[in-house]
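Fit chain F to the given chain L structure using the hints.
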Amino acid sequence: MDGVFNALYQFQVSFSLLLLSAIGLAVIFGMMGVINLAHGEFMMLGAYITTIAGTNGAPLALAMLLGALGVGLFGAVMEIVVVRRLYGRLLDTVAATWAVGLILSQGTLILTGPSMQGISSPFGSFSVGATSYSWYRVALGLVSVALLIGLYLLFMKTKYGLRARATIQNPSIARALGVDTPRMYTITFALGSALAGLAGGLFAPTATIVPFFGVNYIVEAFVTVIVGGANALVGTPIAAALLGAVNAALGTEFGLYIGRVGLLLTTIVIIRVLPDGISGLIDRWRMRPTDSRSGR
Amino acid sequence: MGDGDIGTAAATQTITRRRLVRDSALTAGALALASQIDITYALAQDEGPIKVGWLGDRTGDFSVVGIQKFNAANLAVNELNEAGGVLGRELTLVAEDAQSDNQRYQQMTRKLILQDQVDVLHAGFTSASREAIRPIIDQNQVLYFYNNQYEGGVCDSWVFPTGAVPDHQVVPFVPAVMERFGNRFYTIAADYNFGQLTADWFKTTIEAQGGEIIGEEFIPLSVSQFSTSITNIQNAAPDVLIVLLVGIAQSSFYEQKNAAGMQVPMATTINMGQGYEHLRFPPPALNNMYVTVNFMEELAEQLETDFPDRIRALYPDAEYVGMEAAAEYEGINLWALAAEAAGTTEQDAVRQALETNITFEGPAGPVTIDPATHHTIRNIFLVHADEEHNIVLDDTFEAVRPDWLSQEMGCNLAETPDNTQYVPE
Numbered sequence: 000m001d002g003v004f005n006a007l008y009q010f011q012v013s014f015s016l017l018l019l020s021a022i023g024l025a026v027i028f029g030m031m032g033v034i035n036l037a038h039g040e041f042m043m044l045g046a047y048i049t050t051i052a053g054t055n056g057a058p059l060a061l062a063m064l065l066g067a068l069g070v071g072l073f074g075a076v077m078e079i080v081v082v083r084r085l086y087g088r089l090l091d092t093v094a095a096t097w098a099v100g101l102i103l104s105q106g107t108l109i110l111t112g113p114s115m116q117g118i119s120s121p122f123g124s125f126s127v128g129a130t131s132y133s134w135y136r137v138a139l140g141l142v143s144v145a146l147l148i149g150l151y152l153l154f155m156k157t158k159y160g161l162r163a164r165a166t167i168q169n170p171s172i173a174r175a176l177g178v179d180t181p182r183m184y185t186i187t188f189a190l191g192s193a194l195a196g197l198a199g200g201l202f203a204p205t206a207t208i209v210p211f212f213g214v215n216y217i218v219e220a221f222v223t224v225i226v227g228g229a230n231a232l233v234g235t236p237i238a239a240a241l242l243g244a245v246n247a248a249l250g251t252e253f254g255l256y257i258g259r260v261g262l263l264l265t266t267i268v269i270i271r272v273l274p275d276g277i278s279g280l281i282d283r284w285r286m287r288p289t290d291s292r293s294g295r
Numbered sequence: 000m001g002d003g004d005i006g007t008a009a010a011t012q013t014i015t016r017r018r019l020v021r022d023s024a025l026t027a028g029a030l031a032l033a034s035q036i037d038i039t040y041a042l043a044q045d046e047g048p049i050k051v052g053w054l055g056d057r058t059g060d061f062s063v064v065g066i067q068k069f070n071a072a073n074l075a076v077n078e079l080n081e082a083g084g085v086l087g088r089e090l091t092l093v094a095e096d097a098q099s100d101n102q103r104y105q106q107m108t109r110k111l112i113l114q115d116q117v118d119v120l121h122a123g124f125t126s127a128s129r130e131a132i133r134p135i136i137d138q139n140q141v142l143y144f145y146n147n148q149y150e151g152g153v154c155d156s157w158v159f160p161t162g163a164v165p166d167h168q169v170v171p172f173v174p175a176v177m178e179r180f181g182n183r184f185y186t187i188a189a190d191y192n193f194g195q196l197t198a199d200w201f202k203t204t205i206e207a208q209g210g211e212i213i214g215e216e217f218i219p220l221s222v223s224q225f226s227t228s229i230t231n232i233q234n235a236a237p238d239v240l241i242v243l244l245v246g247i248a249q250s251s252f253y254e255q256k257n258a259a260g261m262q263v264p265m266a267t268t269i270n271m272g273q274g275y276e277h278l279r280f281p282p283p284a285l286n287n288m289y290v291t292v293n294f295m296e297e298l299a300e301q302l303e304t305d306f307p308d309r310i311r312a313l314y315p316d317a318e319y320v321g322m323e324a325a326a327e328y329e330g331i332n333l334w335a336l337a338a339e340a341a342g343t344t345e346q347d348a349v350r351q352a353l354e355t356n357i358t359f360e361g362p363a364g365p366v367t368i369d370p371a372t373h374h375t376i377r378n379i380f381l382v383h384a385d386e387e388h389n390i391v392l393d394d395t396f397e398a399v400r401p402d403w404l405s406q407e408m409g410c411n412l413a414e415t416p417d418n419t420q421y422v423p424e
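Going down the list, the protein sequences come from chains L and F. The opening residue of the first sequence carries number 0 in numbering that gives the first Met the number 0; numbering runs sequentially from there. The opening residue of the second sequence carries number 0 in numbering that gives the first Met the number 0; numbering runs sequentially from there.
Check before you lean on any hint, since a few could be wrong.
As the list claims (entries may be wrong) - The following label-pair restraints were derived from C-beta to C-beta distances:
(1) 140(F) with 275(L): 56 to 62 Å
(2) 125(L) with 422(F): 38 to 44 Å
(3) 260(L) with 393(F): 36 to 42 Å
(4) 116(L) with 351(F): 29 to 35 Å
(5) 385(F) with 3(L): 33 to 39 Å
Unchecked claim - Just some of the chain L residues that point at chain F, by a computed CB distance under 10 Å:
(6) 136
(7) 205
(8) 212
(9) 247
(10) 254
Derived by calculation from the structure, the hints in this document are not laboratory data. Glycine included, every Cβ here is placed at the ideal spot set by N, Cα and C.
Chain F with its partners taken away, still in its complex shape:
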């Protein structure tokens, strides 16, 4: 980030502290009053529209994906309203822009929960943003949907990570890639929790399958020049390059490695499906990039869904409809199904309803919430970009289960409350 941003961060921090004191005082006051006005409060809540909180990156570094998620959230709410709302009540989307800034994520999460009193919160893109707001979620005990691909491992009573995790993306992926190209891997990854943990996942899975990691480099998010890395990778000569780069600066890697004539096949869990790099970069920069996704708009015809068309009916200028748009849409609908089943928007009742194998028929097939881990059982697709950047479907893995957390780490949220993020050993 530039010099200017350092100033902003400092300024935001002071505001946040001041606001924290003020908000805490307000909360304390509200709690004292709440016991006396319980009944009036409950009545007021039932009369108005249901508030669906949305917090994401409509501007800034991550807006490439944030705008897709915002479009999908609006489509979901519009469709639910056209079908008569939830529990006979209309839904309103209370949306805030986090501007790709974790400080602002915290600020806006407090605002949505304490001031707007949303009935559910759909928020977050990077793992850093999720971890920044998760303590606020747990403290206020509000249902939180993180509709996004991530590194996995969050076992939290109030959190429903509906996107793809390494159980979905890495475990079936590694054998498929090894069979095609060989077993010597090199990793370059963004240097923060997502990149580090996903790289660990690849390493564990690759070594369990008899492959090896011959090199590894973690790169700060602000780096946009990869000349030395490209040379180092070429000198190591791996069979497959695992690329876990994140954000605008790091996405310059593809054009640079292409200009340098580097040919190695690439494997990733994040590119193309989220930030449509295959459309933003002139071919053949992403030639031979393999990725596991839960949705991409190029798969719409094969999946027989008109989801991208419905997004474009609402937002004719939408640049792309990717895997996180699908996850956002599914997350909001899963919550709506659970609220209907519970017969209320009351947090604990909806949470229990979510833990009854609730299933939504999404754009890419059925999505079921696993009661033990709050993650999803969903279909996953292995695709790659060819020389002209056409998306080729290589493999379909049906109803992939997120079982690592429950089987290896003993996470069982239907029985035992928890709020830990577990990491692979």
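Excised from the complex, chain L in its bound form:
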């Protein structure tokens, strides 16, 4: 029984880590085709805003919300000032967003010094058998699921969601039908940024608060997005679940090192077999010929 619980706990820890790290990156990449190399620094910014607000007396949930809002706002400004000018130029956006990332981390180092006192994980711990576990980690798992449901509702049930999906599917037709596509891009980029900021805020109580905070999550984020493919709502959670299961199982059995090796090996195999990631596979399956006429 203890073993089963431990396996479940470790799985949801890995799952929420991968999902939260990746979701902001996945939204921006999936909806806009922009690879945001400043993603890690956006998370760092969220962690800093959350920590500063938290240590100055704001309740933790409010501090995290401020982190998300602050980074979302920053993302909107960055879209208007930098990213908008580079649409369709993939490598140029990579270089430009990377540069913004470098400015953010080194700027934070200059402004705040090499490190800052963090905030403790709330909620304490509980025991199952001889082992004790963190309630906060369980809370992170629940927040991940809630966030996924929220994103699903946002994209499938709201006017913004409809227009945003129209914009990715065919920008010129969306424009012809009266959708303000540049505004859609700004909002979507801000949303992805806010998700990165929220993830940074959520991880802040579990990590060291330093200007290079983002580096700790960037590999997890990219690997999950690559395995998941372009559809953030479908691909990212499945990828996080798959990679999280591999990582947790191997990590528990053979230690962190093998856990990480397993995660990266799985990634290599999946992108070799499925270059478009898991959501690419699902799209192909959904587009499959359903009867003899359409099947030529």
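Positioned in the frame of chain L, the structure of chain F alone reads:
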């Protein structure tokens, strides 16, 4: 490290290769000329200021400690200049930022030696950075001070490791901890030369004292999530957890083990004294963490030193003054004393002067260079953090000698040149 860094590393490598060819050509040319212009060169060297080379991590992963070392190096040079310099000449600190990147360590070491022609080099933080530049040091025969705690064992004619080594930190530490908590140990360590070798040191010492290692895990430097390790440690239920984690990512361990409610006492040779984790993490994450240090600013009052105040007079925003700041300060002063004694900055003469039991009165008492091993004889303090993260001094070990290298490995640099790093069997 992130995806971005892979690109940087590749780019740096090409530059380094190109530069290597260029630098070698320059060196060859310079050597050919040197024989003809020996006299002019010597004159020019004596006129200008003495160049003290400094290379460390002012940015990047290890800047938490690198900035402390940089502050201390500047304090040492300023104070020496205020006291009239060395050999009547002014000192300038030629400082470069290695950005926590070993490729850049190599590049900047070549630059400082070949282009700036520094008279002495104080450099390095991780053992990986030290081993990356040591071949360049030996090839160019420049005095190199590694003012840093490390895993020990470097027996090198040109290298003076002035910080604490396992002789200082592990050998007196293990019996003191066993007496308090018991003899079943579990180790988690960073997976590179420092972590592996220090873990070996603990193992050898613990087994010699009748204790046992019941579990061991080596963790890549980029790992920041420890959930599975925490469970595995709890299942093994050791009396003491030896923690040899390094860098920003791995330092997330403490908050995570605290959140998971893990209570076991911890022993380390690196935490708190270097990266002031007890101030960066909200208590009680480091409650019951025991460490052996050569200095910490919390000990200043007991040691009757104003060293941290002098650092802050120069750098009012300095976040911490730790054990490597003290080692850096002592290293530069030891070199200055030796240069004065030698009457020159000429490399071989200063080296011989350093091998005469030269002693500097540092912030934590006298520091003497052992002529046989080039390591230091120094005072060591066993401290721990309590529940509020106050630093409590538990024990003082006076004038601890770095004798393993000379007695077990036969290192005697005053007699026999060498450039090996020895490891415990």
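Consistency of the hints with the structure:
no., hint, result
1, 140(F) with 275(L): 56 to 62 Å, "holds, 57 Å"
2, 125(L) with 422(F): 38 to 44 Å, "holds, 43 Å"
3, 260(L) with 393(F): 36 to 42 Å, "holds, 40 Å"
4, 116(L) with 351(F): 29 to 35 Å, "violated, 47 Å"
5, 385(F) with 3(L): 33 to 39 Å, "holds, 38 Å"
6, 136, "holds, 7 Å"
7, 205, "holds, 6 Å"
8, 212, "holds, 8 Å"
9, 247, "holds, 7 Å"
10, 254, "holds, 5 Å"
The structure shown violates just one earlier hint, number 4.
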